[in-house]
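Asks: This is what each chain is made of:
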Amino acid sequence: MKRYNLIVVGAGPAGLCAGIEAAKRGMSVIVFDENEKPGGQLFKQIHKFFGSKEHKAKIRGFKIGEQLLKEAAATGVEVRLNATVTGLYPDKEIMVKHGDGMYHYKGDSIIIATGAAENMVPFENWTLPGVIGAGAAQTLMNLHGIKPGNRILMLGSGNVGLVVSFQLLQAGCEVAALVDAAPRIGGYGVHAAKVARTGVPFYLSHTIIKAEGTDHVTGVIIGEVDDHFKPIPGTEKQFDVDTICIAVGLSPMSQLLKMSGCTMEDNPRRGGEVPVVDEYGETSIPQLFAAGDVSGIEEASSAMIKGKMAGIRAAYELGFCKETETENSLEKCTADLDSLRQGMFAPGNKGKLIEKTEEGIPVSMNLLTKGFVADGEIIHFPGVTSQKGIHPVIECTQNIPCNPCQDACVKHCIKIGSHITSLPVVENPAPCTGCGLCVASCSGQAIFLVNENYEPGFASITMPYEFLPLPEKGDKGKGLGRDGKTVCDAEIIDVKSLPAFDHTNLVTMKVPAEFVMKARFFKAV
Amino acid sequence: MQNRIAEHPILGTPQKGRLVSFSFDGKNMEGYEGEPIAAALKAGGIMIHRYTAKQHKPRGIFCAIGRCTDCVMIVDGKPNIRTCVTPLKEGMEVRTQYGCSAKKDDTL
Amino acid sequence: MNDRLRDIGPFVPGRDDDLLICRCEEVTKGEIRQAVHEGMFTMPEIRRYLRCGMGLCQGQTCARLVKGIIASELHIAPSEVEPASSRGPVRPTEMSTLGNEEEA
Chain P
1 MKRYNLIVVG AGPAGLCAGI EAAKRGMSVI VFDENEKPGG QLFKQIHKFF GSKEHKAKIR
61 GFKIGEQLLK EAAATGVEVR LNATVTGLYP DKEIMVKHGD GMYHYKGDSI IIATGAAENM
121 VPFENWTLPG VIGAGAAQTL MNLHGIKPGN RILMLGSGNV GLVVSFQLLQ AGCEVAALVD
181 AAPRIGGYGV HAAKVARTGV PFYLSHTIIK AEGTDHVTGV IIGEVDDHFK PIPGTEKQFD
241 VDTICIAVGL SPMSQLLKMS GCTMEDNPRR GGEVPVVDEY GETSIPQLFA AGDVSGIEEA
301 SSAMIKGKMA GIRAAYELGF CKETETENSL EKCTADLDSL RQGMFAPGNK GKLIEKTEEG
361 IPVSMNLLTK GFVADGEIIH FPGVTSQKGI HPVIECTQNI PCNPCQDACV KHCIKIGSHI
421 TSLPVVENPA PCTGCGLCVA SCSGQAIFLV NENYEPGFAS ITMPYEFLPL PEKGDKGKGL
481 GRDGKTVCDA EIIDVKSLPA FDHTNLVTMK VPAEFVMKAR FFKAV
Chain V
526 MQNRIAEHPI LGTPQKGRLV SFSFDGKNME GYEGEPIAAA LKAGGIMIHR YTAKQHKPRG
586 IFCAIGRCTD CVMIVDGKPN IRTCVTPLKE GMEVRTQYGC SAKKDDTL
Chain R
634 MNDRLRDIGP FVPGRDDDLL ICRCEEVTKG EIRQAVHEGM FTMPEIRRYL RCGMGLCQGQ
694 TCARLVKGII ASELHIAPSE VEPASSRGPV RPTEMSTLGN EEEA
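Protein chains in written order, with my numbering: chain P, 1 to 525; chain V, 526 to 633; chain R, 634 to 737.
In case anyone wonders, no lab produced these hints; they're calculated from the structure. Every residue gets a Cβ at the ideal spot worked out from N, C-alpha and C, and that includes glycine. Misleading hints may appear alongside valid ones.
Result set (EDC-like, lysine to aspartate or glutamate): computed pairs, CA atoms no more than 16 Å apart in a straight line [what the hints assert, rightly or not]:
{"#": "1", "chain 1": "V", "residue 1": "614", "chain 2": "V", "residue 2": "555"}
{"#": "2", "chain 1": "V", "residue 1": "579", "chain 2": "R", "residue 2": "736"}
{"#": "3", "chain 1": "V", "residue 1": "582", "chain 2": "R", "residue 2": "640"}
{"#": "4", "chain 1": "P", "residue 1": "476", "chain 2": "P", "residue 2": "494"}
{"#": "5", "chain 1": "V", "residue 1": "582", "chain 2": "P", "residue 2": "124"}
{"#": "6", "chain 1": "V", "residue 1": "579", "chain 2": "V", "residue 2": "558"}
{"#": "7", "chain 1": "P", "residue 1": "2", "chain 2": "R", "residue 2": "651"}
{"#": "8", "chain 1": "V", "residue 1": "603", "chain 2": "R", "residue 2": "727"}
{"#": "9", "chain 1": "V", "residue 1": "628", "chain 2": "V", "residue 2": "550"}
{"#": "10", "chain 1": "P", "residue 1": "388", "chain 2": "P", "residue 2": "452"}
{"#": "11", "chain 1": "P", "residue 1": "210", "chain 2": "R", "residue 2": "727"}
{"#": "12", "chain 1": "P", "residue 1": "147", "chain 2": "V", "residue 2": "601"}
{"#": "13", "chain 1": "P", "residue 1": "147", "chain 2": "V", "residue 2": "532"}
{"#": "14", "chain 1": "V", "residue 1": "582", "chain 2": "P", "residue 2": "452"}
{"#": "15", "chain 1": "P", "residue 1": "210", "chain 2": "P", "residue 2": "224"}
{"#": "16", "chain 1": "V", "residue 1": "579", "chain 2": "R", "residue 2": "727"}
{"#": "17", "chain 1": "P", "residue 1": "2", "chain 2": "R", "residue 2": "659"}
{"#": "18", "chain 1": "P", "residue 1": "258", "chain 2": "R", "residue 2": "715"}
{"#": "19", "chain 1": "V", "residue 1": "628", "chain 2": "V", "residue 2": "601"}
{"#": "20", "chain 1": "V", "residue 1": "582", "chain 2": "P", "residue 2": "279"}
{"#": "21", "chain 1": "V", "residue 1": "582", "chain 2": "R", "residue 2": "736"}
{"#": "22", "chain 1": "P", "residue 1": "478", "chain 2": "P", "residue 2": "502"}
{"#": "23", "chain 1": "P", "residue 1": "106", "chain 2": "R", "residue 2": "664"}
{"#": "24", "chain 1": "P", "residue 1": "332", "chain 2": "P", "residue 2": "279"}
{"#": "25", "chain 1": "P", "residue 1": "258", "chain 2": "P", "residue 2": "124"}
{"#": "26", "chain 1": "P", "residue 1": "37", "chain 2": "V", "residue 2": "550"}
Cβ-to-Cβ under 8 Å is the rule here; a few derived chain R residues that face chain V [as the list claims (entries may be wrong)]:
{"#": "27", "residue": "635"}
{"#": "28", "residue": "644"}
{"#": "29", "residue": "650"}
{"#": "30", "residue": "662"}
{"#": "31", "residue": "689"}
{"#": "32", "residue": "690"}
{"#": "33", "residue": "693"}
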């Protein structure tokens with residue numbers, strides 16, 4: 001039996017951060033993970049994260065994963081992979097299955113960071129090959145380089161459903177539709193907008209009636225639902241698809257915590273059965289902690305901070321660091337966590353319809369019900385202005401803690417301020433040089449560079465473009481509106497791909513001047 | 526191999542091991558050493574991994590992370606192998622699993 | 634909640650009773666609903682009675698759905714249904730491995 005100061009179960013963002021903080025303070029730390037590769041969900045996330053610099057905004061998920069692994073190695077955290085913790089027993093003893101044998105370990109403290117598993121929605125024929133979880137689609141595309149299918153229907157409009165739909169498009173798949181039984185989109189508006197403008201239709205207040213096919217999925221039938229989520233007869237719509245992705249939420253994988261005997265609660269606001277913990281993640285059993293999604297479904301940025309807090313607290317309780325140092329570190333973590341939990345998507349606002357932004361602007365109902373801001377609605381937002389010469393147009397319409405655009409502009413054209421949920425304002429567009437850094441830095445891909453007077457009769461629009469094949473200068477095609485429908489002819493006049501943009505290419509198209517505030521995507525013909 | 530992503534706009538070209546041969550229900554197939562067996566099968570267009578014990582219904586990849594066990598197959602004679610987390614090795618014999626065995630029970 | 638004398642109404646067949654809920658053990662919605670009306674009000678009991686949650690995935694996929702169905706038959710919130718217990722090993726383990734204790 002081997003003994004460690006700290007045993008961490010789960011080498012995802014929460015577990016690694018916990019291990020790093022503990023090891024920095026001198027604890028002997030081992031992290032077990034049942035998977036072949038560490039990093040949890042981080043390596044599947046190919047989009048740029050939100051938040052502020054402290055929250056690693058603008059950095060793609062898998063890069064954050066690589067950074068964490070480097071830091072773990074540098075601080076002496078032992079990470080054991082292919083090691084499944086099969087039980088958590090009294091007195092903080094665990095059993096681990098590794099290879100063909102079982103091993104016993106004892107921890108002076110234990111942090112459980114086992115994350116969450118996907119929820120399911122059963123429908124007729126849901127067991128047919130071709131029905132997969134959204135996480136499965138991510139794993140196949142982003143870890144193994146395989147397309148999950150050719151034509152896919154996505155069920156679920158939370159951040160997972162929206163982000164994975166975009167990733168499916170990036171992988172070269174067609175997304176036939178995005179469906180959700182709820183009346184409004186659950187995830188960020190910008191995630192929905194970048195999917196909608198490519199032409200993917202959104203069907204809110206719809207659910208899957210059945211999957212078609214005998215041996216595998218060949219199609220799907222959806223139908224509208226009423227206020228009680230019951231299907232309305234006569235509203236069926238059929239799609240030919242070979243894959244159905246289910247993204248309907250996550251539930252904590254808290255089996256080990258249940259085994260330990262700590263106080264548990266079934267808390268729907270935190271995703272299901274979770275341990276009752278204090279503000280640092282400590283359960284009712286001293287020195288047994290829970291961190292990350294297993295203690296409440298949030299996201300990777302919060303998981304990392306919760307992991308840090310548990311690691312620091314464990315170190316303090318076992319005498320590895322002094323009171324003042326601990327208090328300062330924990331205070332900073334709490335402040336960082338609080339700043340993430342602000343705005344429209346704060347845990348306290350879950351499920352509520354927020355009708356006005358903090359600035360008093362009516363929220364776009366079209367965005368919430370169809371996935372895109374209507375032409376008449378977009379002009380009310382402070383980032384959207386009409387100017388002479390080239391200037392940024394920021395179509396950011398929800399209060400989310402996020403500010404990379406402010407830092408990106410070296411000419412200080414964009415302002416958010418210290419309250420990072422504020423909508424970005426184009427303060428002084430005159431110095432804009434059209435460098436495009438703001439376009440590339442926006443994790444929501446909501447910033448466009450616009451020149452209303454590019455040429456007599458024509459305007460130019462520079463868009464973020466993360467698809468292959470990349471358009472080329474001179475390509476002729478169509479400009480698509482925010483709703484994904486063709487609005488005008490378009491010609492590509494510039495394509496910029498710089499290392500500083502981190503794979504967000506800047507594609508500039510020329511459109512007839514009257515479409516400058518309408519066209520937001522390009523489709524080659 | 527129709528379903529492989531040749532170049533990804535963010536991730537570039539997938540890093541793979543060497544191309545190896547393996548067999549699926551006696552048929553020769555190819556995949557990359559070290560990738561999950563399920564990935565190689567999917568790249569080759571195979572969707573059905575097994576048939577269930579009670580209702581004899583087809584199942585395939587569902588969670589892709591080794592949790593749901595819908596993708597299990599008989600690999601080198603051993604049943605209930607989770608193909609989505611088991612790395613492909615040259616010469617592996619992969620068979621459709623019927624209930625718990627490789628043989629379709631014709632008496633049912 | 635677990636008072637077996639509670640009147641939860643009769644079992645009314647539903648249109649989707651043959652919808653598969655437990656994918657591993659192939660248990661249908663109708664079987665679970667019927668079990669509730671036969672007196673199984675808790676997750677541990679339903680699990681032992683029908684085997685849903687005892688298959689290879691150990692309830693990872695179906696537990697939340699089963700809880701919702703039990704709650705619906707009992708006319709209570711899902712969070713009020715008595716949860717299933719977790720025992721080691723929490724992941725399927727071969728007997729030969731389980732019996733092979735090694736030195737860490």
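Asks: Hint by hint, note whether the structure agrees.
Replies: Hint check:
Among the hinted pairs, residue 614/V with residue 555/V is consistent with the structure: their alpha-carbon atoms are about 11 Å apart, no more than 16 Å. Note on residue 579/V and residue 736/R: the hinted pairing is violated, with a Cα-Cα distance of about 41 Å set against a maximum of 16 Å. Taking the CA atoms of residue 582/V and residue 640/R, the gap is about 37 Å. The hint is violated against a cut of 16 Å. Under the criterion of a C-alpha separation no larger than 16 Å, the hint pairing residue 476/P with residue 494/P is consistent with the structure, at around 12 Å.
Using a Cα cut-off of 16 Å, the hinted pair residue 582/V and residue 124/P holds, with the two alpha carbons roughly 13 Å apart. Between residue 579/V and residue 558/V, the direct Cα distance comes to roughly 34 Å. Violation of the 16 Å bound is thereby established for this hinted pair. The hinted pair formed by residue 2/P and residue 651/R fails the criterion: a straight-line CA distance of about 50 Å is larger than 16 Å. For a cut-off of 16 Å, the pair hint linking residue 603/V to residue 727/R stands: about 12 Å separates their Cα positions.
At most 16 Å may separate the alpha-carbon atoms for a hinted pair to count; residue 628/V and residue 550/V meet this at roughly 11 Å. Between residue 388/P and residue 452/P, the direct Cα distance comes to roughly 7 Å. Compliance with the 16 Å bound is thereby established for this hinted pair. Between residue 210/P and residue 727/R the CA atoms are separated by roughly 37 Å; this puts the pair beyond 16 Å, and the hint is violated. Of the supplied pair hints, the one linking residue 147/P and residue 601/V is violated, its CA atoms being roughly 27 Å apart against a limit of 16 Å.
Between residue 147/P and residue 532/V the CA atoms are separated by roughly 11 Å; this keeps the pair inside 16 Å, and the hint holds. Pair hint residue 582/V plus residue 452/P does not hold up; C-alpha atoms about 59 Å apart against a cutoff of 16 Å. For the proposed pair residue 210/P and residue 224/P, the alpha carbon gap of about 13 Å is at most 16 Å, so the pair holds. For the hint linking residue 579/V to residue 727/R, the alpha-carbon distance of about 23 Å lies beyond 16 Å, and the restraint is violated.
Among the hinted pairs, residue 2/P with residue 659/R is inconsistent with the structure: their alpha-carbon atoms are about 41 Å apart, more than 16 Å. This hinted pair checks out: residue 258/P and residue 715/R have alpha carbons roughly 13 Å apart, not beyond 16 Å. The suggested pairing of residue 628/V with residue 601/V holds, with an alpha-carbon distance near 14 Å, which does not exceed 16 Å. A hinted pair counts as satisfied when its Cα atoms are at most 16 Å apart, and residue 582/V with residue 279/P does not qualify at roughly 47 Å.
Taking the CA atoms of residue 582/V and residue 736/R, the gap is near 43 Å; set against the 16 Å cutoff, the hint is violated. With a C-alpha separation of about 26 Å, the suggested pair residue 478/P and residue 502/P falls outside the 16 Å cut-off, and the hint is violated. Simply put, residue 106/P and residue 664/R have alpha-carbon atoms about 43 Å apart, too far for the 16 Å limit, and the pair is violated. A C-alpha spacing of about 13 Å is found between residue 332/P and residue 279/P, which places the hinted pair at or below 16 Å, so the restraint holds.
Only pairs whose Cα atoms come within 16 Å are accepted, and residue 258/P paired with residue 124/P is rejected, the gap being roughly 33 Å. Of the supplied pair hints, the one linking residue 37/P and residue 550/V is violated, its CA atoms being roughly 29 Å apart against a limit of 16 Å. Hint status for residue 635/R: violated, given a least beta-carbon distance of 30 Å to chain V, over 8 Å. For residue 644/R, the suggested interface contact is broken, since its CB lies about 22 Å from the closest CB of chain V, more than 8 Å.
Using the Cβ-Cβ criterion of 8 Å, the hint placing residue 650/R at the interface with chain V is not satisfied: the shortest such distance is roughly 15 Å. A least Cβ separation of about 14 Å between residue 662/R and chain V goes past the 8 Å threshold, and the interface hint is therefore violated. Interface hint at residue 689/R: satisfied, since its Cβ lies 4 Å from the closest Cβ of chain V, which is below the 8 Å cut-off. Using the Cβ-Cβ criterion of 8 Å, the hint placing residue 690/R at the interface with chain V is satisfied: the shortest such distance is roughly 5 Å.
Here the hint on residue 693/R is kept, as its CB sits about 5 Å from the closest CB of chain V, short of 8 Å.
Consistency with the previously given hints fails for numbers 2, 3, 6, 7, 11, 12, 14, 16, 17, 20, 21, 22, 23, 25, 26, 27, 28, 29 and 30, ordered from lowest to highest.
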